[in-house]
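Asker: The primary structure of each chain is shown beneath.
Protein chains: 2
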Amino acid sequence: MAERAALEELVKLQGERVRGLKQQKASAELIEEEVAKLLKLKAQLGPDESKQKFVLKTPKGTRDYSPRQMAVREKVFDVIIRCFKRHGAEVIDTPVFELKETLMGKYGEDSKLIYDLKDQGGELLSLRYDLTVPFARYLAMNKLTNIKRYHIAKDFDIAGNFDPMIPDAECLKIMCEILSSLQIGDFLVKVNDRRILDGMFAICGVSDSKFRTICSSVDKLDKVSWEEVKNEMVGEKGLAPEVADRIGDYVQQHGGVSLVEQLLQDPKLSQSKQALEGLGDLKLLFEYLTLFGIDDKISFDLSLARGLDYYTGVIYEAVLLQTPAQAGEEPLGVGSVAAGGRYDGLVGMFDPKGRKVPCVGLSIGVERIFSIVEQRLEALEEKVRTTETQVLVASAQKKLLEERLKLVSELWDAGIKAELLYKKNPKLLNQLQYCEEAGIPLVAIIGEQELKDGVIKLRSVTSREEVREVGRKAKGQRMYAILGGPCPFKT
Amino acid sequence: MAERAALEELVKLQGERVRGLKQQKASAELIEEEVAKLLKLKAQLGPDESKQKFVLKTPKGTRDYSPRQMAVREKVFDVIIRCFKRHGAEVIDTPVFELKETLMGKYGEDSKLIYDLKDQGGELLSLRYDLTVPFARYLAMNKLTNIKRYHIAKDFDIAGNFDPMIPDAECLKIMCEILSSLQIGDFLVKVNDRRILDGMFAICGVSDSKFRTICSSVDKLDKVSWEEVKNEMVGEKGLAPEVADRIGDYVQQHGGVSLVEQLLQDPKLSQSKQALEGLGDLKLLFEYLTLFGIDDKISFDLSLARGLDYYTGVIYEAVLLQTPAQAGEEPLGVGSVAAGGRYDGLVGMFDPKGRKVPCVGLSIGVERIFSIVEQRLEALEEKVRTTETQVLVASAQKKLLEERLKLVSELWDAGIKAELLYKKNPKLLNQLQYCEEAGIPLVAIIGEQELKDGVIKLRSVTSREEVREVGRKAKGQRMYAILGGPCPFKT
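Those protein sequences? They're chains E and V, same order as listed. Just so you know, the first sequence maps onto residues 145 to 635 in my numbering. Just so you know, the second sequence maps onto residues 145 to 635 in my numbering.
Mixed in with the good hints, there may be bad ones.
No copy labels: a pair is met if it fits in one copy or bridges any two.
[To be verified] Result set (DSBU-like, lysine-lysine): computed pairs, CA atoms no more than 30 Å apart in a straight line:
id	residue 1	residue 2
1	Lys201	Lys256
2	Lys412	Lys186
3	Lys219	Lys561
4	Lys500	Lys256
5	Lys156	Lys500
6	Lys287	Lys201
7	Lys568	Lys500
8	Lys219	Lys500
9	Lys542	Lys500
10	Lys543	Lys427
11	Lys543	Lys204
12	Lys184	Lys500
13	Lys567	Lys427
14	Lys568	Lys229
15	Lys256	Lys186
16	Lys229	Lys543
Hints listed in this document are in silico derivations from the structure and should not be mistaken for laboratory results.
Please build the complete structure, drawing on both the sequences and the hints.
Answerer: In structure tokens:
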């Protein structure tokens, strides 16, 4: 047992080491090596028959959604989907897993965060990591060159050969419409262009092979100071200090269209053909954004880099300017709530003949938005209804189950959202209490007197007002008239 | 190379063998053994550097959904969700993967069809196989004893201690409502009870250990003849022929409540306490189904067995009576389009103290329903709109991009579903053609004359009628009045 305890401790330490490396986004090789060690230790340890303790949990990094959380999620999705439809998007869907080779080589550093399925002697599969790569695979597979679509209520893309910057501007308009409609506070959309970044690195003296790694250092400028970023570039990534300083002069700038114009005149930057193309497109983009009335929401920010390998042109990222923190509420870290950009090369990577389909798109950070909305509702102690039930069918005395079942069935058949308690003889008080807890506004009460008189009683749960006019012969229809029309009670 | 070719052939044959075994639902051990052989062969083979051919496909058993297919799917989901909400259900969601141990031991024979994730030194994970087991895990984890919920628009369950058969009857009512609303043809819901099956097997002389395997033979009676089922029971599963005949006398019967009453009097079957309980509950169930007006849709069918291990009481399965085949349409195999039952033991398997939460639920076979609806629409050559765009903003002459961008932006801000072509100078004909292809009913045309007159022209795409009254100052609002109100054109 002592040996087992020692081994268990080793497994625990090695597990922590692996998690730490993953968090630090260490190199894939290093992580694989340490994982291999962990698996070896685990094999040595073997199963512990003495404590077959079953752990009741969801996998790490995943969560359940309760009815309350789903009600919030539905509202958020509703805002997003209405916007996508307003912009004429079709919708597609793709499987939750893809062939491993479909995902390989598309995400750069992020690739090691992909979940693989176990090799069961068939195809090598991985869980999809985003919706953009499956979308590009879908376009190439179906030889589509032209589509505007959304994908599970969070990804919107426009594919096709169009005049420059018109689809790009629409993506930014969509982002602004959604973030405004969600009412989660002031936001700003940072915009940059991969070609400007690459051109800038080149004229500053960064070698081609270091573009991506320097990009990822620059991307940290929204979280840490320039000094720290410079230290990383020089100390860890071996950049000459004067090269870093030249980069620093650029990436600490942000502004509107005037900054674009100023950089177009920049004696050094204008020597890069790439950078000039990017700046020219950004100038045109700003014209369109002004026509769309959203130029005040957009900031040209030279430090915006975005991690994923597949972007080729304009890139953008929306951040909340301040969290909508209320009294007593934990402040939420300001972060990206939507992002996207142009990826003109990705579809060609899947096409056997390398035919390119230019694409531009955006992704809404729905998980982060859910948390923000959820937290705000909690702070406001706002009650969220988790059902839409309009009426509870209740009885005032015992032995009326048959009557309740008949009435509730007529209501369902008439399209009315109705419930009953699953008890043969529930107490009226319990039935009314259920309405209050679930927020059901009306209760239809059947009692001996009502049965005699050939009516049912409809009561407003909050005001306790009652009407007794509903004919029993055609209950469903009569009820429908009242429930479908204006509320019979003052509210 | 000759050696490589031989190895490739071996891998191919072994791959076919594994697929064959999986199709035949062979034992897990046998499959694992053969998969191990396959992996060994593949390792010997190694990667073939000479032909790095990239296969563009989705994983086996998965599919993409095109915009047209998604439009069908949305309509089907809409019918289902409206029904679930009408019955007062909340909604929850759970992750796409679960701890492997959560899924283990819940599905019987089906367990080997579960996809495992690769062990990356963390938790052992599997893709969820249905929504019932994750739901039970959710209840146990959150110590919930009472909930009525649905889950991704296809699973509905009622958990809680209630008076017998009331929630069960509602599940059947929901199934009938959904299948009627979908208009996919006549259907029948077969009903049985696990306790009746087990009681019947016992009095016929089947040993306890053979209940499940004999169950799975009986379940085939909807596809093959009694003779074949009997051959399997006697030949493959070692049942005495007279025992099989006794089972045959029962399982070939089906009918309504009168069959329930007849079996309650059956001198042999009534000796089984279990069977009597099941029959008593079914009698009560039929009373409630009559009050719900769906008793004519229900058939008590002693051959219905259902594969999954977790059912404990009433079970049901809806089948289409005839496919809605049209002239020239391929007939679809009649099959199950919805199913479910009572599973009173599953939550207790997750609870550390084994506390039980009785549950009853149903699952809609959405994939099969999509195919049926899709095929019917294709046969009818019905046009399915894949967007909801109300109006296309078009220009009659060149150099009007600015005006188009301003107008379309106003429309979006006014909540109108609007599009424009992403071209600087599109031809009017191309713009009208786009409307016809996409089914957009209205086109708002900006031209030089309209700009001078301070109006825009609104044209009905099909009738070509036009109105020119729309004020330019507040286009968004004016357009909204027209587009939000009754159509300005006769249809």
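Asker: Could you place Lys543 and Lys204 in one of the four classes (within, between, both, neither) given a Cα distance threshold of 30 Å?
Answerer: Intra 50 Å, inter 55 Å, cutoff 30 Å: neither.
Asker: Quick one: Lys256 to Lys186, C-alpha cut-off 30 Å, is that within a copy, between copies, both, or neither?
Answerer: Both. Shortest intra-copy (22 Å) and inter-copy (24 Å) distances satisfy the 30 Å Cα cut-off.
Asker: Given a CA cutoff of 30 Å, do Lys542 and Lys500 count as a within-copy pair, a between-copy pair, both, or neither?
Answerer: between (72 Å within a copy, 29 Å between copies)
Asker: How do Lys567 and Lys427 come out at 30 Å by Cα distance, when the copy is not named: within, between, both, or neither?
Answerer: between (69 Å within a copy, 18 Å between copies)
Asker: Within, between, both or neither: how does the pair Lys568, Lys500 come out at a Cα-Cα threshold of 30 Å?
Answerer: between (66 Å within a copy, 22 Å between copies)
Asker: Using 30 Å as the alpha carbon limit, work out where Lys500 and Lys256 are close: within a copy, between copies, both or neither.
Answerer: within (27 Å within a copy, 41 Å between copies)
Asker: Regarding Lys543 and Lys427, is the shortest C-alpha distance of 30 Å or less found within a copy, between copies, in both, or in neither?
Answerer: between (76 Å within a copy, 18 Å between copies)
Asker: For Lys568 and Lys229, with the copy left unspecified, which applies at a CA distance of at most 30 Å: within, between, both, or neither?
Answerer: The answer is between: 23 Å across copies meets 30 Å, while 47 Å in one copy does not.
Asker: Pop the pair Lys219 and Lys561 into one bin, within, between, both or neither, using alpha-carbon distances up to 30 Å.
Answerer: both (19 Å within a copy, 19 Å between copies)
Asker: First find the shortest C-alpha distance between Lys229 and Lys543 inside one copy, then the shortest across copies, and answer within, between, both or neither for a cut-off of 30 Å.
Answerer: between (51 Å within a copy, 28 Å between copies)
Asker: Under a CA distance limit of 30 Å, which applies to Lys184 and Lys500: within one copy, between copies, both, or neither?
Answerer: neither (45 Å within a copy, 39 Å between copies)
Asker: Is it within, between, both or neither when you check Lys287 against Lys201 at 30 Å Cα-Cα?
Answerer: between (43 Å within a copy, 12 Å between copies)
Of the hints listed earlier, those the structure fails to meet are numbers 2, 5, 8, 11, 12, in rising order.
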